[in-house]
Amino acid sequence: MRKRVLITVLLLFLAMTLSVVSFVLLQNRFSALGDALQNAVYADVPIERSCSEIEKQWDKSAVVTQIFLLHSDLTELRTALESLPELMDSPLLYRAACIRALHLLNGIRDSLAPTVENIL
Amino acid sequence: MTVTLIRLLILYTLILGCMRLMGRRQIGELQPSELVITMLLSEIASIPLENTDIPLLNSIVVILVLTALEVLLSALCLKSDRTRKLLQGSPMPVVWNGKPIQKTLKTLRLTIDDLLEALREKDVFRITDVQLAIVEANGKLTLQLKPQMQNTTAELMKIPAPQQGIPCPIVYDGSIQKENFAYCNMTDEKFQAILRQSGLRTEEIFLLTVDTLGSVHYVRKEHDDA
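Chains as they are written, first to last, in the working numbering: chain A, 1 to 120; chain B, 1 to 226.
These are computed hints drawn from the structure, not numbers from a lab. Glycine included, each C-beta is placed from N, C-alpha and C at the ideal position. Some clues are possibly wrong.
Only pairs whose alpha carbons sit at most 35 Å apart, straight line, appear in this in silico DSBU-like list of lysine-lysine [as the list claims (entries may be wrong)]:
{"id": "1", "chain 1": "A", "residue 1": "K3", "chain 2": "B", "residue 2": "K79"}
{"id": "2", "chain 1": "A", "residue 1": "K3", "chain 2": "B", "residue 2": "K85"}
{"id": "3", "chain 1": "A", "residue 1": "K3", "chain 2": "B", "residue 2": "K178"}
Partner residues are not named here, just some residues of chain A that face chain B (Cβ under 7 Å, in silico) [as the list claims (entries may be wrong)]:
{"id": "4", "residue": "T8"}
{"id": "5", "residue": "S19"}
{"id": "6", "residue": "F68"}
{"id": "7", "residue": "L70"}
Just some of the chain A residues that point at chain B, by a computed CB distance under 8 Å [to be verified]:
{"id": "8", "residue": "K3"}
{"id": "9", "residue": "L6"}
{"id": "10", "residue": "I7"}
{"id": "11", "residue": "L11"}
{"id": "12", "residue": "V63"}
{"id": "13", "residue": "I67"}
{"id": "14", "residue": "L69"}
{"id": "15", "residue": "H71"}
Using the sequences and the accompanying hints, generate a full structural model.
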């Protein structure tokens with residue numbers, strides 16, 4: 001029984017670690033992507049640079065997010081981000097698309113937080 | 001399709017491992033907490049199979065936590081009587097000396113019809129024949145009949161019963177079960193002697209049992225000529 005309990009405690013530890021690591025990883029990735037989007041919207045960064053930065057951050061986030069998040073939740077965000085290069089010629093549209101992507105990102109981010117609203 | 005198949009293999013292995021970790025108790029009569037865990041496990045395992053949009057890791061973490069909780073709770077139940085009673089309930093007597101205990105029946109929300117039906121399932125048609133009936137924590141009814149209604153035994157008739165040895169399987173399907181040798185005082189020499197006496201090789205034996213009194217019984221393997 002002792003061996004069984006020991007294995008169980010290790011499994012519990014593994015599950016808890018996975019849960020915490022996934023939360024921290026996602027928050028870090030979303031934070032980096034969010035910063036890139038915010039720079040595109042509010043900071044005076046050239047569109048080409050901001051777009052390549054967003055693309056770079058999304059590429060880094062893609063694997064982590066797909067492992068830990070509902071794929072359907074990500075589809076909308078991915079579509080919004082992938083449309084950005086096509087809108088580079090029109091700064092207004094580009095900015096609007098960035099704001100939309102930022103809202104989607106914040107929505108997913110909020111849904112991950114272990115708050116009472118999310119739990120219930 | 002391939003994703004579902006791979007997911008299925010991962011989940012099958014995981015659940016099989018978890019069920020083994022939870023132990024034999026899980027496979028036999030289910031206690032309330034075990035029933036809940038088993039139902040939850042099957043539900044959680046089926047969700048990522050039906051919908052590949054759901055990350056498999058979510059289900060894996062939940063399955064691991066559920067298994068861990070079940071094992072830890074059962075370990076706690078072993079240590080603490082109070083926890084055991086709280087989580088698994090305790091056996092409750094429902095018939096005493098041929099009379100139903102109405103208070104317990106009310107507590108268990110059992111009608112007299114339910115009780116009589118459970119007794120009939122045990123081949124008891126008159127409640128007055130029952131000395132004691134108990135509803136166990138897993139919901140099963142166990143009972144003891146009044147002495148005059150019990151089956152006659154050799155002990156009751158004061159008839160000396162011959163000692164019977166306990167049979168031990170020594171060969172299964174051509175394979176020697178060395179780990180059983182100790183239970184029936186078997187040695188390699190004795191085993192070789194049995195083989196010589198029977199005129200068979202180990203590979204030709206389907207089942208060979210030796211009881212603790214030394215009686216040998218064997219079944220020869222049937223050859224599949226088809």
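Now for the hints, and whether the structure bears them out:
no., hint, result
1, A:K3 <-> B:K79, "holds (16 Å)"
2, A:K3 <-> B:K85, "holds (25 Å)"
3, A:K3 <-> B:K178, "holds (26 Å)"
4, T8, "holds (4 Å)"
5, S19, "holds (6 Å)"
6, F68, "holds (6 Å)"
7, L70, "holds (6 Å)"
8, K3, "violated (10 Å)"
9, L6, "violated (10 Å)"
10, I7, "holds (6 Å)"
11, L11, "holds (5 Å)"
12, V63, "violated (12 Å)"
13, I67, "holds (6 Å)"
14, L69, "holds (7 Å)"
15, H71, "holds (4 Å)"
Figure legend: structure checked against the earlier numbered hints; hints not met, in rising order: 8, 9, 12.
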